[in-house]
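Number of protein chains: 2
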Amino acid sequence: VKTIRVRTKPPYAVAIGEDALSQLPAAIDRLRPSKVFVITSPRVRDFWGKELGRHVPANWIEVADGEQHKTLPTLERITRELVKQGADRKSVVVAFGGGVIGDMAGFAAATYMRGIPVVQVPTTLLAQVDAAIGGKTGVNLPEGKNLVGAFHQPRAVIADTRVLETLPPREFRAGLFEVIKSGAIADARLFSTLERERDKVLARDMGVLESVIAAAVQVKARIVAADEHEGDLRRILNFGHTVGHALEAESNYRQFLHGEAVAWGMIAAAEIGVNSGVMRAEDAERLIDLIIEYGPLPAVSAKPRRILMLIQSDKKTMRGVPHFVLTPKIGAAKVVSGIASPVVRAAVEGICQR
Amino acid sequence: VKTIRVRTKPPYAVAIGEDALSQLPAAIDRLRPSKVFVITSPRVRDFWGKELGRHVPANWIEVADGEQHKTLPTLERITRELVKQGADRKSVVVAFGGGVIGDMAGFAAATYMRGIPVVQVPTTLLAQVDAAIGGKTGVNLPEGKNLVGAFHQPRAVIADTRVLETLPPREFRAGLFEVIKSGAIADARLFSTLERERDKVLARDMGVLESVIAAAVQVKARIVAADEHEGDLRRILNFGHTVGHALEAESNYRQFLHGEAVAWGMIAAAEIGVNSGVMRAEDAERLIDLIIEYGPLPAVSAKPRRILMLIQSDKKTMRGVPHFVLTPKIGAAKVVSGIASPVVRAAVEGICQR
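Protein chains in written order, with our numbering: chain A, 1 to 354; chain B, 1 to 354.
Fair warning: there could be bad hints in the mix.
No copy labels: a pair is met if it fits in one copy or bridges any two.
Here are the computed lysine to aspartate or glutamate pairs in the DMTMM-like style, where the Cα-Cα straight-line distance is at most 20 Å [to be verified]: (1) Lys2 to Glu18; (2) Lys9 to Asp227; (3) Lys9 to Glu228; (4) Lys200 to Glu165; (5) Lys35 to Glu81; (6) Lys90 to Asp232; (7) Lys50 to Glu76; (8) Lys84 to Glu143.
I should point out that these hints are in silico values taken from the structure, not numbers from a laboratory.
Please work from the sequences and hints to get the whole structure.
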């Protein structure tokens, strides 16, 4: 089991590897909770509930998984359930599931009695390398994704790689796109490993996987610690997300998994990067090739005009100007505003035609 | 206009007095907002909307006032309205109303895109001396009050005493009970002023009122700065609130104004103080007399047993043990746990029989 420290205030540890779950009891005991509440989905509980229960006696709260359930009414359900089951200010929430569960359980912990501790136990690759780390929590509105939420750092993250074995292949690949993102924006070596070890990664070779996940977590940990509340630095983590979020919103969060939408977003960002003179064509090609190799991706069926409209209403749009994260080269990223509209339009049309 | 600084991180100023509203434009300009959103109730907008509009061009969002509307569905309405009207991360919320509006608008600002700045412009006495200062925001659940929320300090507070002129007498008196609370827990001199100047205070003499409000704000500012996230020190602000919240919950937030419920709670706390040997009988009598003098209070019609049950499910109950704030003498307070059940029961029965 590898341990990576995230140096926020307070700092916390991410445990990564086979049997990382065995470190959960110690992580929870340190918080001296009055009660422990595991918030999870029926599916995760079916597969791994017994295993978690062996480690920690807890109260359980089940919620439906899926972006369409990541809403304020679900937050109300969770928090009412916490009251009914006797949660108080000294209680601890364990978020046990993928990104959606982690975001909702994290937001419930952030706001229940104005904040109780949360331990993230991510069960998807996406959540292990991204969502569970960094303290972003929240829910969607019909108007867009993650529009209501809070920064609430977990007190510990337990990423047990065994749980990835039961992950559907499509979801596993969706998580790998976020790993590609980490390499693209901040770790050229991780990017090369993903190019070289593609077959082992896709076969879920536990050894390669642990080191690849650890590298991606390290990227996120470093950026989050330097910028806890999403100032400029942290925004590079949104590489691929401007267009990605628009694709998700357009299809009502149903057509794409988050990682898939981000993958399309990275392809669009690569094209914007080249056409705005920020990125060399050969680096863009390497990036697009790697994404395609970890595919297939569901085709983009939306009208370009509709996607462009949604980009305008994105959270990352400030004072009416959309901002894009671009990668000047593999392993480096920066935020760019003032991209000419035709360049954005061409990139969006490009992914619609692929 | 008096100015009191609240030394949180970042610190902010509370402006108190006639025409304090004229300081709003400068307070907002300092934040360099993309847009300004005033969240208010129809009634406050009717009385004071034009006056505020003269100072600040803004988008308006109206929500129904009253504890029964301080819910997650209303939060959803507000945040969706923010999206529709084009609020982004650089937008600023102005909370323009009483405690309920301040709590909801503050919580909306705390969670919209994971947090945008809020300026509190309280229009009730209660909100001016208490709710608008200190960063507590949130909504109720059917199970209890303020169970979901966040700490989100305002960037400025503008307490214009002119708006108190249109306050219904009952609401004005309800606010005075919180001023009595401030005196009782931390300012013996303020307490004496309230005893001595009762007639002028009740006649809303602007001079006396300004100094009394400033003293109460000073108490809150000092405590909040020393304890931003409600550790032990800040809990003394909850004097009268353990029983008070139970009374409000029992009557579904309809029978009592918050200040009235706190007044009953302070009477109960005085009796608990005496019967547990923490408070001298003559100090308790002074406190109870002052509360009665600023009355009348609506009678408590609930069954004592029901109130006792609700005390058990209060946020301030930790590991099953209710905590009470008691005043060893006028102007000093401490948190006490382990009060014997019969002592609590006797105090609750006492207020039911008054």
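Violated constraints from the hint list, given by number and in increasing order: Hint 7 is the one this structure does not satisfy, whereas the remaining hints hold.
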